[in-house]
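Produce the entire structure from the sequences given, and follow the hints as far as they go.
Residue numbers (my numbering), protein chains in the order written: chain A, 245 to 477; chain B, -18 to 422.
Since the hints were derived computationally from the structure, they do not count as laboratory data. Note that the structure is predicted; figures quoted are calculated from it, not measured. Where is the CB? At the ideal position from N, CA and C, for every residue including glycine. Possibly wrong hints are sitting among the right ones.
Claimed, not checked - Here are some, though not all, of the chain A residues that point toward chain B, as calculated from beta-carbon distances under 8 Å: (1) Leu264; (2) Glu441; (3) Asn445.
Stated by the list, open to error - Below 27 Å or equal to it, Euclidean Cα-Cα: the simulated DSSO-like pairs (lysine-lysine) are: (4) A:Lys274 to B:Lys191; (5) B:Lys420 to B:Lys130; (6) A:Lys294 to A:Lys331; (7) A:Lys247 to B:Lys333; (8) A:Lys477 to A:Lys406; (9) A:Lys323 to A:Lys335; (10) B:Lys259 to A:Lys247; (11) B:Lys335 to B:Lys262; (12) B:Lys230 to A:Lys320; (13) B:Lys130 to B:Lys68; (14) A:Lys248 to B:Lys266; (15) A:Lys247 to B:Lys262; (16) B:Lys333 to B:Lys126; (17) B:Lys230 to A:Lys277; (18) B:Lys262 to A:Lys320; (19) B:Lys417 to A:Lys323; (20) A:Lys383 to A:Lys366.
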Amino acid sequence: MDKKVAFWIFLLGTLSSAILFLYLTFDTHKQVKVLTKVENLNENVVAGKKVWEKYNCNDCHTILGFGGYYAPDMTKAYKRLGDENIKDILKKPDVIFANSKRKMPKQNLKDEEIENLISFLKWVSEIDNNEWPPQHSEKRISRTALRMSLSENIGVGAALFKVKGCITCHSLQEKEEKRGPSLAKVGSSFDLETLKEIIRNPKTFNPSSKMPPQNQLTEEELQKLSEFLLSLK
Amino acid sequence: MEYKSQEIAKFYFYPALLLFLIQILLGLYLGFSYSSTIPQDIVDVFPFSTARAMHTNLLVLWLLLGFMGGAYYLVPEETKREIWSSKLAYLQLIILLVTGVVALVGFFFGWTQGRPLLEIPRPLDMLVVVGALIFLYNIGMTILKGSQKTVILGTLFGGMIFLALLYLFGIPFYKNATIDWYYWWWVIHLWVEGAWELVTGAIFAFVLMKLAGIERSVVEKWLYVEIGLFLFTGIAGTGHHYYWLGAPKYWLWVGGIFSALEPLPILLMVIDTWNHVKHRKEEIKNPLTWTLAVGTAFYHLLGAGLFGFVHTLPAINYYTHGSQITVSHGHLAFFGAYALLNITLFYFVFPKFKNIEKYDERKGKIGFWTMSVSMFLMGLSFAVAGIVQSYFERFLGFSYMEAQLYMRLWMQIATIIGIFFLFGAIITIYDLFNLKEKKFA
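Okay, here's the thing in structure tokens:
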């Protein structure tokens, strides 16, 4: 190989990679609009991003996995904590983390800044980012349920029925009433989609239902649990 | 020294070494923050975030000072003429240092752009751009008027232009966080796995050529192949940062495939360096420079190549992204690929400033080995912490802080090793400032 061949390796290697990269950048710009739901990216969200940057939050916290690694990731913080908890933490971190081994600096944010920051975190939590982080993924199944499923040789849905506490209020024996109705034959009364809907929003089926909505289940858990219930005929 | 203006390099290298020292001290504060509970009153005044902004910006600043000083040293020898304007070179240095000092003091008082690694506020970014333009103009004019145009010069200058252009993508305010991070990586990734590889590749080739007395055509041929492979794998390899930020799914494939190839050019560099050592034509006057050069190549492969590769594939990165595994890779890669390169360059150039033929190498060797071994052990400790963190937090679903407590021991170990690293650095810096002609008994 002489220097001329080496030069062509350099030129073609660089150009091919650059062209591919620039083309994909162009395409990414188009797709990001859908993936990040830009229709929800309003003024408050932008103002919230500025608050996030003004207080250098990102050099302790990560967001989308990027930043300092000294404090929790904020990608799904809105779903994890909700409005009120985030507000409390931002207003008095010294009190909230009084017993924590790691402290958060007092930032003395204005109420308006807090509102905007929450809008920003809410918008970020809805970005379609391939189900990251894994512990907050909608495809996740409780590790306790998985372990029980393996050790007791039962289906994942049945294990979830026990682990998630359904069994406290619902019997699987016919005609045995606990707090809620027996589910021994529930699969013959409803289809899969209706079961899912009832678990998430019990009141849509029976307005006087006392069952709490099961929002903590991930999509995958809801699916497995509903499949299990459907099999009870 | 053949040319008077090569002396400019000295004034870039001295502050670089000082900043390196401050960077390590701040690093120890960061390690200490992980290892113990810093009281609320201190956290309110000097939070982790401020110290981290300083730690990382100091790193970038001292490395860039080294690269620029390196350029001022090698360009005259390559072009066979003095630097176009020494005055401009010193003006540029002053601008750069003033920007750096104002930025660091500003961070302390909360003046920041608020984006990791790019914390320098936008008004100061303008000064950075002015400094960069002066540098490019000065080096560009020198090359233009020079009687010799070489591949080393082309690679160096091309890399510097690429470096400056990429910085521009880090300046605007982006409304969309996903787009923001997309271009953030154009600065961070394409710097360290693109532009910086060109600049340091050129500096490294120059040092090797001079040390070994190897023919230019051989050195430059391999330089072409190396930078070709670096850019081929590195540009599209940016995709390994686009897995989880809300970009299309094809990045999992593009990022995974191209970044899996990223160790190849580094491997080639190691083999290439080794060959130069074997086929050298000059006698070895100062074996330390060779230890450093070979050490740089191997550490580059270890930190950037191997430790990058272990968590670059999407299936693994899903659990390790944004954990201490990243910290482990970051430390080993920056030390191996760039910090060691600068130290090699300093040990090559400093004796020439003082007209020293042969110097006493004992302190230099102790410094190199202390730093290299402690950084390696520190990287391993971060990696174990990262594995513990990934397992408990990402896999089992424990809360962030619970997982942090399980890995705390490893952060404490890393911090203690950091103190050893500090000693290694102090010995090295002291030695560089005090090199003396070795007297024969």
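Hints, verified against the model:
1. Annotation: A:Leu264 was flagged as interfacial toward chain B, and the flag holds, the nearest CB pair being 5 Å apart, inside 8 Å.
2. The beta carbon of A:Glu441 comes no nearer than 26 Å to any beta carbon in chain B, farther than 8 Å, and the hint placing it at the interface is violated.
3. Annotation: A:Asn445 was flagged as interfacial toward chain B, and the flag is violated, the nearest CB pair being 25 Å apart, outside 8 Å.
4. Proposed proximity of A:Lys274 and B:Lys191 is contradicted: the alpha carbons are some 50 Å apart, above 27 Å.
5. Only pairs whose Cα atoms come within 27 Å are accepted, and B:Lys420 paired with B:Lys130 is rejected, the gap being roughly 39 Å.
6. For the hint pairing A:Lys294 with A:Lys331, the CA-to-CA distance comes to about 17 Å; that is within 27 Å, so the pair holds.
7. A hinted pair counts as satisfied when its Cα atoms are at most 27 Å apart, and A:Lys247 with B:Lys333 does not qualify at roughly 31 Å.
8. Proximity of A:Lys477 to A:Lys406 is assessed by CA-CA distance (about 19 Å); at most 27 Å being required, the pair is judged to hold.
9. Between A:Lys323 and A:Lys335, the direct Cα distance comes to roughly 19 Å. Compliance with the 27 Å bound is thereby established for this hinted pair.
10. For the proposed pair B:Lys259 and A:Lys247, the alpha carbon gap of about 21 Å is at most 27 Å, so the pair holds.
11. Taking the CA atoms of B:Lys335 and B:Lys262, the gap is about 25 Å. The hint holds against a cut of 27 Å.
12. Only pairs whose Cα atoms come within 27 Å are accepted, and B:Lys230 paired with A:Lys320 is accepted, the gap being roughly 20 Å.
13. At most 27 Å may separate the alpha-carbon atoms for a hinted pair to count; B:Lys130 and B:Lys68 meet this at roughly 24 Å.
14. Only pairs whose Cα atoms come within 27 Å are accepted, and A:Lys248 paired with B:Lys266 is rejected, the gap being roughly 34 Å.
15. About 21 Å separates the Cα atoms of A:Lys247 and B:Lys262, which keeps this hinted pair within 27 Å; it holds.
16. The suggested pairing of B:Lys333 with B:Lys126 holds, with an alpha-carbon distance near 25 Å, which does not exceed 27 Å.
17. Under the criterion of a C-alpha separation no larger than 27 Å, the hint pairing B:Lys230 with A:Lys277 is consistent with the structure, at around 14 Å.
18. At most 27 Å may separate the alpha-carbon atoms for a hinted pair to count; B:Lys262 and A:Lys320 exceed this at roughly 60 Å.
19. Simply put, B:Lys417 and A:Lys323 have alpha-carbon atoms about 63 Å apart, too far for the 27 Å limit, and the pair is violated.
20. Note on A:Lys383 and A:Lys366: the hinted pairing holds, with a Cα-Cα distance of about 20 Å set against a maximum of 27 Å.
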